[in-house]
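Based on these hints, arrange chain B on the given structure of chain A.
There are 2 protein chains.
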Amino acid sequence: MYQVGFDVGGTNLKVGAVDDNMQIAASRYAAFPKGETYETIAALMAEQVKELAKELSIPVTDFKSIGIATAGSIDAGRTVIIHAHNLGFHNVPMVDEMHRHFPEIPVYLANDADAAALAELHAGAFRGRKTAVLLTLGTGVGGGIILGGKMFMGGMGHGNELGHMIVQHGGPICTCGNRGCIESLCTATWLIQQGRKAIVEHPISLIHEKAEGDMDKVTAKIVIDSAKEGDAIALDIFNTYVDSLSSAITSVIALLDPEVVALGGGVSLAGEFLFEPVRELVKKKSFFKIYHEVVPAQLGNTAGIIGAALLAKNEEL
Amino acid sequence: MYQVGFDVGGTNLKVGAVDDNMQIAASRYAAFPKGETYETIAALMAEQVKELAKELSIPVTDFKSIGIATAGSIDAGRTVIIHAHNLGFHNVPMVDEMHRHFPEIPVYLANDADAAALAELHAGAFRGRKTAVLLTLGTGVGGGIILGGKMFMGGMGHGNELGHMIVQHGGPICTCGNRGCIESLCTATWLIQQGRKAIVEHPISLIHEKAEGDMDKVTAKIVIDSAKEGDAIALDIFNTYVDSLSSAITSVIALLDPEVVALGGGVSLAGEFLFEPVRELVKKKSFFKIYHEVVPAQLGNTAGIIGAALLAKNEEL
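Sequence lines, in order, name chains A and B. The numbering of the first sequence is this note's numbering, which starts it at 1 and goes up by one. The numbering of the second sequence is this note's numbering, which starts it at 1 and goes up by one.
Wrong hints could be hidden among the right ones.
Any copy, or any two copies together, can satisfy a pair, since identical chains are not distinguished.
What the hints assert, rightly or not - The calculated DSSO-like cross-link candidates involving lysine-lysine, where the alpha carbons are at most 30 Å apart (straight line), are: (1) Lys221 - Lys34; (2) Lys289 - Lys313; (3) Lys34 - Lys289; (4) Lys197 - Lys217.
Note that these hints are calculated values from the structure, not bench results. Please read these numbers as outputs of a predicted model, since none were measured by experiment.
Same shape as in the complex, but just chain A (with noise of 0.2 Å):
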């Protein structure tokens, strides 16, 4: 039995036939076609899906649902994308669009950090618990939460903002035009953004080595790889950056006394160099007298398709 779960962000869009084991049988990767209609995005979608199942021998109709993980916000009915930029989509009414491609097959729509979250419940960082959070830190900051053993799409059915939990209330500008959201400290972006600063004003750097001093070619790896070799301009931006990020998961922790928080996201790829000071400061910030557990996402790029292909059992629980 196979469940199709599709991720569509705003570089690719992705699908995937996933198995009753959670593995992926099938998948097609392409790049998100920007700028076309919904319609003609929804047709090369179902187009896709129909490919999957040739390959797997199957009838499309033997795919038993179709989950759509989105990046942006989703209606509380869970049925249109209201508002993704980086797919240049509003009030796009996909579950319907889909299904008349596919009439006979249920289709199901979630926020992307959502279905990571739901992935890591079922195949992932969170198998066994009842409550945890994800946070993804990329160009954004994405949230998912599990609250109950099931994904908690809010408690009026928005979903979450956890990027822009304001943790530094009076600091930087977010791109949401707000203050000291979590997304304005925590992400990928506030690193680059940091390294090219740092490549203007200290060219002995090894950011500025690694980047061949061209600010372009500043990424958060960069900044990440320098301060674990010891570059004492890196490894104050990465320091101010943990010390940023664990007071945002202490907020988290403060409010719901989850089991566990799992980083995603390309920054999670710091590894240890991250998780360890982060645990560290976590442990010192939070008024609980217990240690929440801190660790890695487990499933990263597949982490959407496999959340979007396990909607349809999270409905049923």
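Relative to chain A, chain B alone:
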């Protein structure tokens, strides 16, 4: 049918017999006997239960349950008060101790802010709601969370420490030793501190006049009343308070997408003078495009008693 509810705080020890309509049919208020052993205090509480039964002309065993809402933190098994500094309680097995006096009556224990939220759910501002958050703005900041129509006691059962969410990373030092917790910015205590500073720095302010130039006479109410009367110094303080509080509420909303947030505690008595600008700023700061309600808590001083009496009911749900 009556349930007994205790509200155990550092100042008062309150108890009531609550009927099926959530009305307090009989009650006793006493100063909290600070410094006594917990065994002595439990014996005093047991005496109060017997008095209530006598007043109602029923045998004590007719009480269906005894609920205890306490300041401080309780253990995950909800039988032990781990730390309640104001009460001088550390690792106090309150449920067992009360059971010793009334072996036939079920005894329940909860944090007082959690219990207050439960009271609002069944008899106050949260009636008919499934997801709601109560912030009590007093000497400290307490938080009570309703999720799925039940009191949320933390993913691991440790309750929440909403007051120690970090809202101003790097900000003022909190009672917990950390920096920028909600409790370091959104309490009556903060208003009093700022009011005292104003007395020293601005002898012509209304705060100075109302407190007769005496630092010890400054109250949160004096600061708020001075702001209401248009005093510039007091308004500065009050507006800063509103700004911090709105960031704190925005964070909670970003994570939980609750149907309603209620504000209780002394500061909330400022009324619409507080609620109007808070609502406006929360709306401005929230990432969600919909409006999340911010309303006054309704139960005031009786919330603890009623919430404690409802603990048995919460268990049944």
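How the hints compare with the structure:
1. Lys221 - Lys34: within (27 Å within a copy, 56 Å between copies)
2. Lys289 - Lys313: between (36 Å within a copy, 29 Å between copies)
3. Lys34 - Lys289: between (48 Å within a copy, 24 Å between copies)
4. Lys197 - Lys217: Answer is within: at 13 Å inside a copy they meet the 30 Å cutoff, but 50 Å across does not.
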